[in-house]
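**Student:** Here's the letter readout for the chains.
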Amino acid sequence: MADIQLVDVSIRDGNQSLWGATGLNTPQILQIAPVMDRVGFRALDFTSSTHMGVAVRTFREDPWERFRLVRAAMPNTPLQLIGTGFRFISWEKAHPEFMQLVYDRLVANGVTRFIVLDPMHEMDAVNETAKQIRKAGGTETVGALTYTLSDVHTDAYYAGLAAQMARNPDIHRVYIKDPSGLLTPERSRTLTPAVKKALGAKPLEMHAHTTIGLSPLCYMAAPEFGVETLHVACGPLANGSSLPNAQRIVANLRELGHTVNIDDRALALVADYFTRLADAEGLPHGTPQEFDASFLRHQVAGGTLTTTRRQLAEIGLEHRFDDVIDEVSVVRAELGHPIMVTPFPQIVCTQALYNVIGKERYDQVSDQCIRYVLGSFGKPTGPVDPDVKDRILSRPRAKEIMAEPPPLPPSELRKRFKPGITDEEFLLRAVMPAEQVDAMIAAGPAKRHYNPDTRALLKLLKEVAARPSVPDLEFEKPGFRLRLRGKTAHA
Amino acid sequence: MTLHRIFIANRGEIAVRILRTCRRLGIETILGASEADLDSVGARLADRAVCVGGPRSADSYLNVEAVVSAAKNAGADAIHPGYGFLSENRKFAAACARAKIVFIGPTEAQLDAVGDKLKARHNAVAAGLPVVPGGDVSDLKSARALAKEIGYPVLIKAVGGGGGRGMKPVHEAGGLEPAMNLAISEAQAAFGDPRVYLERLVTSGRHVEVQVLGDGTDVIHLGTRDCSIQRRYQKLVEEAPAPDLSERLRNGLHEAAVKFARHLAYRGLGTVECLVDRERDTFYFLEMNARIQVEHPVTEAITGLDLVEEQIRVAEGQPLRWRQDRIAFNGHAIECRLNAEDWTREFRPDPGTVTAAVFPAGDGIRVDTHIQSGAVVPPYYDSLLAKLIIHGRDRPDAIARAAQALARCEIGGVATNVPMHVELLKQKDFAAGAVDTRWFPQFLESRARG
Chain A
1 MADIQLVDVS IRDGNQSLWG ATGLNTPQIL QIAPVMDRVG FRALDFTSST HMGVAVRTFR
61 EDPWERFRLV RAAMPNTPLQ LIGTGFRFIS WEKAHPEFMQ LVYDRLVANG VTRFIVLDPM
121 HEMDAVNETA KQIRKAGGTE TVGALTYTLS DVHTDAYYAG LAAQMARNPD IHRVYIKDPS
181 GLLTPERSRT LTPAVKKALG AKPLEMHAHT TIGLSPLCYM AAPEFGVETL HVACGPLANG
241 SSLPNAQRIV ANLRELGHTV NIDDRALALV ADYFTRLADA EGLPHGTPQE FDASFLRHQV
301 AGGTLTTTRR QLAEIGLEHR FDDVIDEVSV VRAELGHPIM VTPFPQIVCT QALYNVIGKE
361 RYDQVSDQCI RYVLGSFGKP TGPVDPDVKD RILSRPRAKE IMAEPPPLPP SELRKRFKPG
421 ITDEEFLLRA VMPAEQVDAM IAAGPAKRHY NPDTRALLKL LKEVAARPSV PDLEFEKPGF
481 RLRLRGKTAH A
Chain B
1 MTLHRIFIAN RGEIAVRILR TCRRLGIETI LGASEADLDS VGARLADRAV CVGGPRSADS
61 YLNVEAVVSA AKNAGADAIH PGYGFLSENR KFAAACARAK IVFIGPTEAQ LDAVGDKLKA
121 RHNAVAAGLP VVPGGDVSDL KSARALAKEI GYPVLIKAVG GGGGRGMKPV HEAGGLEPAM
181 NLAISEAQAA FGDPRVYLER LVTSGRHVEV QVLGDGTDVI HLGTRDCSIQ RRYQKLVEEA
241 PAPDLSERLR NGLHEAAVKF ARHLAYRGLG TVECLVDRER DTFYFLEMNA RIQVEHPVTE
301 AITGLDLVEE QIRVAEGQPL RWRQDRIAFN GHAIECRLNA EDWTREFRPD PGTVTAAVFP
361 AGDGIRVDTH IQSGAVVPPY YDSLLAKLII HGRDRPDAIA RAAQALARCE IGGVATNVPM
421 HVELLKQKDF AAGAVDTRWF PQFLESRARG
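Just so you know, the protein sequences line up as chains A and B, in that order.
Start counting the first sequence at 1; every next residue gets the next number (our numbering).
Start counting the second sequence at 1; every next residue gets the next number (our numbering).
Same shape as in the complex, but just chain A:
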């Protein structure tokens, strides 16, 4: 029987999968951080460059300040960043020296565990990123084997990648990442041992989304095949297109005789907190998903499907939805079976949409798609269909993109900004619109406390206070009386 550790993904992946990455701000995270620290998670999947961008854009909060505060509030649990290694916040490729500075500042501000996710599994790029993280002083680097279904992505393919990661001393652990939740218990019985064998002594983790309800079953078999760490989420941030529910997984693992050394009481408090928060903020609860056989064909996650349906509805073509979904499978094959992990589902779905609604296929092509074919995101795993490649690259826009100057090193980029700003501010300014960073700074330090239980009442009071027609308000029930006097009435 195995001793299993848990990585909690609520704040990063749970939030991203179910709440569009905009569900949690600094005070909301800070409030529960000390409790999460006591659960005994091996690490928290805490942030990504997308999340950092959201902090600035949506909440006008300094993501670096968030790291420092949360680090102080939870000194025992490593905070993890997931990244591709080639970009930071913006979609454009960044200079290696720029990325080095990103990692340096992340570590200095308290983010010490890193997932290196090259969506194309380009090992040279993975090794380079792992080296940068080591130089920055990161304490744990986890290599990602991103799972998908295609002719290319065989057990032997993943075992080959695992063997390469096993040889790199800068990679401490490896995880099987199943962002779409496609892994079945049957496939896991061949894939996991093959990867574990190639990995040797390096620990193996598993991160499988619950998109069609398969992953909780895969998790049950995982320890048997040498998986030591499972990725889970808490309360309403589990299930749906997120990851399995921590409490359920713990109970099931123990049922099978495995040990999970965590503080169940603290875990229940965390789940309860996120439940109260979701209710107070009107955010959806992840629910267990039914198996959907068609998903294995198109592999498009719920969020992207919803967006595509909305886009079609806006142009009155909602009835073409099924055509678009069929086209997704074709486009994906033509583009060399990219793994349906950000940003590829967006690229593939947009192209499928263009192909269905346009005059002819590939008549309209997004910049992202051109960049994909040009290899800006790495070398496609399978070859891109030569005809499609020609069509895309013969566009005038493709020439323009090819003529773009290479990314600038930080020393050059810095000249664009006023001297004396911190590295942290520089990194944000280099990749975000100035007005967004200015607004963040103008907003001042983030709040430190959040109480979901007072949210509804405060909202009511704020709304009432904003109405000049309600100068006075009195609320009375047995043993309680609340009287509010509007400013206008007594001015």
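Read the hints as simulated data drawn from the structure, not as lab findings.
Warning: the hint list may mix true and false statements.
Stretches of chain A that chain B covers, calculated by requiring three or more beta carbons in the stretch to come under 8 angstroms of a beta carbon on chain B [stated by the list, open to error]: (1) 174-181; (2) 263-276.
Some chain A residues judged to face chain B by a derived CB distance under 10 angstroms, without partners named [what the hints assert, rightly or not]: (3) P27; (4) Q31; (5) V39.
Beta carbons: idealized from backbone N, C-alpha and C, even for Gly.
Got chain A; can you put chain B on it based on the hints?
**Tutor:** Okay, now just chain B, sitting in the frame of chain A:
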């Protein structure tokens, strides 16, 4: 090491205060309550309450064996002793260690180094701190010689005493003999230790203390508090920072406190109490309290820190989370101790059932209490009902807001000293700041004379 279940070996408002931080941190709480406190607010707020003995403190809150075995039976991994009771008891800390329970406080050696006033004084001298001229006296002869050397008035103190008990002022040589005899016999009776020492009595002194926090390696200070409003050495009003100190004196106090704590390689929260000599514009080390203080909230108000959390983190073996330069002092805070006592009748305690308890709330107002309507104030313990802590942008603002907040306190069923606070805050001398420890007794006297 991470603490998951803390046993609170205390009662009253501080038990509730500790509970609140534990709850925020996700730590399970077990309150060890006496028979008289099993229905208290703290016992109801804790995840679990267990009885540690009879109502008398000696049978419960002061019973080392009962408390430690209750904590062990409850599966606690740490004990928070609060203040008073066993909080500075070395035998208790040792018993915790034997039971493999973390004592949230300093080491046994540190408790020893400061628990005895004489040792604390010797340590202060060794650390280079100024102390009030004086020394230990074994008999009348040595007392006479020393009193002559340092000059009258002098103060005789019990070596094992605290909280003002066992202190005898002597204003002239003729008063020394009876005072010595009385002090020695009282010290023996009250503390089981007849040793006394003698020091210069500073005629106009302020009680100023410095909050320190150490992790066994590093030490930071969290600023000063002034606790000069006292009656018979019992503090009634405290404020932070201590008002009207010269920069030189304030920095000197900060530095001395840190120096002393560093000298002890201090671990945990502690308070270095000093006597500020107004006439000489200097200060002397008095003693160190190796625990959380009743008046800690005024420091929390101006620093924004949760001192109970810092205690727990240090007890978990973590290094200090804050460097000295990250500690900022913001505004001014005042604490009024609201006691169930009748200030018009010699502050006679008035235990009983509280029929009504309405406390103010709002921005800058904090109330630490264990009282609500229907709560019982047992006769066995101190009469502290609540602490009203007001945080203002500066001292006049804090005083003005404290007066407003006091006016909104409604406590029925027991007599309280709220009217005393109301009147105290109106006094010009108090508003001017920097009153000495003589001021409050004089204020009471002049009031009694009408």
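**Student:** Now look at each hint and say whether the structure bears it out.
**Tutor:** A quick look at each hint next to the structure:
As drawn, the segment 174-181 of chain A meets chain B at 0 residues by the rule of a beta-carbon pair under 8 angstroms; below three, the given contact is violated. With a threshold of 8 angstroms between beta carbons, the proposed coverage of the segment 263-276 of chain A by chain B holds, since 5 of its residues qualify and at least three are required. Taken as an interface hint, P27(A) does not check out: its beta carbon lies about 13 angstroms from the nearest beta carbon of chain B, beyond 10 angstroms. Taking 10 angstroms as the C-beta cut-off, the interface hint given for Q31(A) holds, the closest approach to chain B being about 8 angstroms.
Interface restraint check for V39(A): the shortest CB-CB distance to chain B comes to about 8 angstroms, inside 10 angstroms, so the restraint holds.
Violated hints, in rising order: 1 and 3; the structure is consistent with all others.
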